[in-house]
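Each chain, letter by letter, is given below.
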Amino acid sequence: MAHLTDGALRRMVDDPDAKVGADAAHLDGCADCKARFESIAGDARSIAALLAVPDVRVDVQHAYDRVMAAPKAQPALGFRLPMLWPAFRPVRLALVAAVALFALVGFAFAASGLFVQPTRVQAVPITLNDVESLSQLAEYGTLTWTTQPDLRITTDAAEAKQVSGGITPPKVAKLPAGVSSTLTYAAMSRAVATFKFSAAKAAESAKAHGKTLPKMPAGMDGATLTVTIGPAVGEVYGNMNQPQASTKASQIDLPQLIVAKSASPTVTSTQVTVADLESYILAQPGISPELKKTIQAIGDPTTTLFIPVPVEFGTATSVKVQGVDGVALGDNTGVGSGVVWIKGGHVWAVAGSIKQSDAIQIANNLS
Amino acid sequence: MQVGARQMTVARPENEAFEALFTAEYARVVGIANRVLADAHEAEDVAQEVFIDFHRLHSASADYAPAWLHRAAAHASLNRLRGARRRQKRELAQATEEGERSLDPQKQAELNEDRRRLREALGRMAPKPAAVLVLRASGLSYAEVAQALGVGVGQIGTLLRRAEDTLRKEVTRGTSN
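So the protein lines, in turn, are chains A and B. In terms of this note's numbering, the first sequence opens at residue 77 and continues consecutively. In terms of this note's numbering, the second sequence opens at residue 588 and continues consecutively.
Careful: at least some of the hints might be erroneous.
[Unchecked claim] One side only, chain A facing chain B, incomplete, derived with CB under 10 Å:
#, residue
1, T81
2, Y140
3, V143
Honestly, the hints are just simulated from the structure, not real lab data. Please read all numbers here as calculations on a predicted model, not as lab measurements. All residues carry an ideal CB built from backbone N, CA and C; glycine is no exception.
This is chain A alone, in the form it adopts within the complex (with noise of 0.2 Å):
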């Protein structure tokens, strides 16, 4: 057999239960592993040795205390969701994706507020702060949904066709290698938010949270901004389990693929301006200067769709894809890829734990 890898042998150091089956037969026999093996487990001690530190002895219900008093710990969107954490990758970067396509709320207006129907896209880096900074644009007025979203996993293409208004689940010409084949459809109806601006909501939310706001434009004050997001068709390849509460993570199967598709969401306004707005909302406190000037330097806001990317995770790379201008996104550790494009009114994506290469393989070769 094969020479054990670095990574089995730095688990035996820490796990004498790893040293079972062929791997521990081979480890005895082969002297080459054997030295790998000391000289690993040599390196685990100095470096545990000197990250060494005294334990801290806690007060836990002062520290409670000390939290629970701060203005801060007030939920940032006036509520809290135990909302999917973007840990795991590839779904980290389908949100990614999904930010673009569904403009979540609360997103809806920092990541796709500025537009008003989009036919190219563009990366944005964004921050966490920023997102921090731009969740807080949601307490400054209220959010209707006027047309409810209805979103549905389904098995069956024809069900999934006829929930998105018709948009046929686009195809996948060849999978790479490594790719399940099963398939389930994600389609979402098309849906219809409005957003009305208070400035009395802003003041106060500014106040929670001990900022000074820029002044509002005139006029902003009671004006509404509609968006209107989807019909949406999606394909995840490989299993859908959703995580339980007693599921591990480390065995949670995640799609390895998603392909989706969606209608250009459109945003309408009364009263403001695109301009107005977005220099209103660059103007928030804690939005970083590479955004700011990331989105001033972009020509046209209005028929331009960000896609923001935030920086701790990933990076973004202008690509071509079916013709047109695309954005590949990247995970930090290159495991996982994906591409945005917007062609004929429609939103595009393809994403999945898979060689950026082959996403745009795939997104070139999609039916």
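With the hints as your guide, set chain B onto chain A.
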């Protein structure tokens, strides 16, 4: 969406869930930050910020709560480390283990210097391997580390090894003593 009504009905159980989460995880979150910063006070500051950030956005009954906290503790303290390398010399001197008091001053000085360099190198490393190393050193199991960082449990050995290899090359002196 009736946000106000929802908030009112969930407020009390949410606070109870948060208190339970805090009680269960606070010491461990401090431990992770202390592993990186080697400073008990700073570690408690980081831990409290992490809990405040969590409480603002997430429900304490979410499945991912402990994993989120562990990851945030590692990243927040590594970020601080990058900004605060200068202060380390003094702090690391205080972090000396009991058993090492008997070392001769020369050896002790070397060990402290190695610790300082190790943490400097840790601050320069890519976030993911650095976080794997820190979380594992703080006593999290492979499965817990994997959960916190959103990587497969099978990758932890490789990431750990890579991190240790990088650090060993940076800290060349005195580690075999």
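Each hint tested on the structure:
no. : hint : in the structure
1   : T81  : holds (7 Å)
2   : Y140 : holds (5 Å)
3   : V143 : holds (5 Å)
In this structure, every one of the numbered hints holds.
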